[in-house]
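Trainee: Single-letter residue listing:
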Amino acid sequence: MDCFVFEAAGKYLGIEARYIYRIADEVRPAPVPLLPSCHVGIVYYRGDLYDVVDAGRLLGKESSLGKGNPYAILLKWNQRKLGLIPDRIVGLEWIDHTRIEKNAFTGDGRTIQMITPGDIWKILSDLPYGH
Amino acid sequence: MNRTSIKNKLILSFLALLLIVMVVVGAAHQITDNIATALAVSAAAALAAGILFGGIFSRSIVRRLNSLSSVAREISHGDLSKEIPFLSRDEIRDLEEVFSAMVADLRNIISEIKAVSAQIENTGRNLSVQTEKVLANSRKIDESALTIARGSEAQSLIVQKTSLILDKNLEQMNEAARQSAQTASKTNDALLKTEAGEANARKTLRYLEDVLRQMAENAEPIYRLSGKVEKIKMVMSVMDELSQKTDLLSLNASIEATRAGEMGKGFALVANEIRNMAEHSRDSSHEIRAIVDDIFRDNEAVIGALKKSEDHINKGRRVIHGIVGTFGDMLSGVKEISAGVKEVGDVARKQIEEMRGLLDQFQELSRLAQENFVSTQKTTIGTKNQKEEIQGIVRASNTLNALSQKMIQTQQRFRLRGA
Chain U
432 MDCFVFEAAG KYLGIEARYI YRIADEVRPA PVPLLPSCHV GIVYYRGDLY
482 DVVDAGRLLG KESSLGKGNP YAILLKWNQR KLGLIPDRIV GLEWIDHTRI
532 EKNAFTGDGR TIQMITPGDI WKILSDLPYG H
Chain P
-19 MNRTSIKNKL ILSFLALLLI VMVVVGAAHQ ITDNIATALA VSAAAALAAG
31 ILFGGIFSRS IVRRLNSLSS VAREISHGDL SKEIPFLSRD EIRDLEEVFS
81 AMVADLRNII SEIKAVSAQI ENTGRNLSVQ TEKVLANSRK IDESALTIAR
131 GSEAQSLIVQ KTSLILDKNL EQMNEAARQS AQTASKTNDA LLKTEAGEAN
181 ARKTLRYLED VLRQMAENAE PIYRLSGKVE KIKMVMSVMD ELSQKTDLLS
231 LNASIEATRA GEMGKGFALV ANEIRNMAEH SRDSSHEIRA IVDDIFRDNE
281 AVIGALKKSE DHINKGRRVI HGIVGTFGDM LSGVKEISAG VKEVGDVARK
331 QIEEMRGLLD QFQELSRLAQ ENFVSTQKTT IGTKNQKEEI QGIVRASNTL
381 NALSQKMIQT QQRFRLRGA
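Same order as they appear, the protein sequences are chains U and P. Numbered per the working numbering, the first sequence spans residues 432 to 562. Numbered per the working numbering, the second sequence spans residues -19 to 399.
Read the hints as simulated data drawn from the structure, not as lab findings. Misleading hints may appear alongside valid ones.
Unchecked claim - Here are the in silico distance ranges between beta carbons for each label pair: (1) U:G497 with P:M195: 40 to 46 Å; (2) P:A196 with U:G491: 56 to 62 Å; (3) P:V282 with U:L496: 34 to 40 Å.
Unchecked claim - Straight-line Cα separation of at most 20 Å, SDA-like style, residue types lysine to any residue; simulated pairs: (4) P:K(-13) with P:R44; (5) P:K245 with U:E447; (6) P:K245 with U:G522.
Stated by the list, open to error - To give an idea of the interface, some chain U residues facing chain P are shown, with a C-beta separation under 8 Å as derived from the structure: (7) I451; (8) I454; (9) D456; (10) P460; (11) R519.
C-beta: ideal position from N, C-alpha, C; glycine also.
Given the sequences, and given the hints that come with them, work out the whole structure.
Mentor: Structural data, given as C-alpha cells:
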C-alpha cells in the first residue's frame, strides 16, 4: 500500500495515499473566527474549499507553521476536504498492507504512525473553541 | 659887637699914663725949678700911675682868668652845668666864648655819649638776647643737623641696603630674563617640533587617505564579488524554487499515479525518478548554496575585515584628524605660550631697564644721602664754630656791656644842666 508520509509533532505520520488529493504550495489560508486555534483558516483550491489545519498544534505540540515547509497536504474523502500543514513532507512510501497496524515500520527503520483523515477530522471536531 | 683888644687897652693906658706923666712933669715944673726934683717927682708919679694902672689892668685879667680857671676846674670835676660869665669884650672874652663853646660841645658830646652808651647798652642787651637766641637756634640747628646726619647715615644705609636688594633683584630679574629667553628658545623649538609634528600628522593623514583609497579600490572587486555572489544566491533561489516545484510536481505526479493504480505504476516510477532527480538537484543546489554561502560568508568576512580595516583606518584617520587638530591646538597654544613668554621676556627686560634706572636713582640717592651726611657734618662743624663764634660775640657783647656800664658810670661823673 502506498502511504504518504510526513513529519509533525515530532513523529512520522502516514496517510493512505488514496486520500491525498494534492500537495499544494503557496497556500494562504483565510482565517476563520471562533474556531480552534489549530484551524489555520480556509483555502480555495481548484473549485473546492478546504479547512486548513496546523498538524503540530492539532496533535498538541508546537506549531508546524514557519518550519520552512510551505506545503499543504490536501485531503479528500467522503465529500470532506481538509488541508494539513505538516512540519516536513517525506513522500510516498510503500508499506506492506497485510501487516498494517497502528504503527508501521519502513525499511530504513523509521516508525510511522498511521492515521486516517477521519481520525484527523474527529480530533478537530472534538477540540473546543480556542484550544 | 665891637671888641676892645688888650693891646688897645694897653696903648690907651700907656697914653693915659704918658698924659699923666706929662701933666705931672708940667705940674712939677710949675712947682719947682729943679729939674731933678721935677724928674724925680715925675718919675715917681709916672711909676705910681704905672703901678696903679698895671695893678688895675692885671687884676681885671687875673680875676677873669681865675673865674675861667674855676669853671675849668668844675668842668674837670665833671660839672658841666656851670656857665662862663662874659665880663669883657677883649681877647679873654674870645677865650671865654671858645671855652664856653667847648663846654657846650663837651656837654653835647657827653649827652651824645650817654645816649650812645645807653643805646650801646640796649644794643648789647639785645645782642646778648639775640646771641642767646642764635645760640639756642644754633644748638637746635646742631641737634637738627645731628638728627639729619643720623637720618642721612641711616638713609644712606637703607639706600645702600635697598641698592643691594635691588641689585640682587636685578640679578634675579636678569636670571629670570635669561630663563625667559631660554624658555622662549625652548618654546620656539617646541613650536618648530609641533609644526613638524603637525606636518608629519598631515603627511600620515595623506598616506592614510591614500591607503583608504587604495583599499577602496582593492575592495571594489570584493564588493563586486559580493554582488555576484548575491546574484548566484538569487539564481540558486530560483533553482531551489525550481527543484521544489519539480519535487512538488513529482510528488503530485506520484500521488496521481498511485491513484491511477496499476495503470499508473510506470508513471509513478518516472515521477519517482523525477522526484529523485529533483531531490538530487535540490541536494546539489543545497551544496552549491552551502559553497556559495561559504564564499558569501568568506566574502562577507573579507568585507567585514575590510570594513573593520576601513573602520579602523577611519578611526585612525579620525585619531590622526584629532592629532592634527591637537597639533593645531598645541601649535596655537605653543604660539600663545611663545607670545606670552616673549611678552614676559619683554616685560622682564623692561623691568630690568626700570630696575637699572631705579638702581641708578638709588645710587644717586645714596650719593646725595652721603653728600647730605657730609653736608650735615660740615653743618655740625659750622654750627660748632658758629657757636664758638657766637660765644665770642657773647663774650664781646658782655665786654661791650661792661664797657658801656663803665662809660655810663664815667659819664655819670659829668653833671649836665637840668640833669
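Trainee: What hints, given by number in increasing order, does this structure fail?
Mentor: Checked against the structure, the hints that fail are numbers 10 and 11, while the rest are satisfied.
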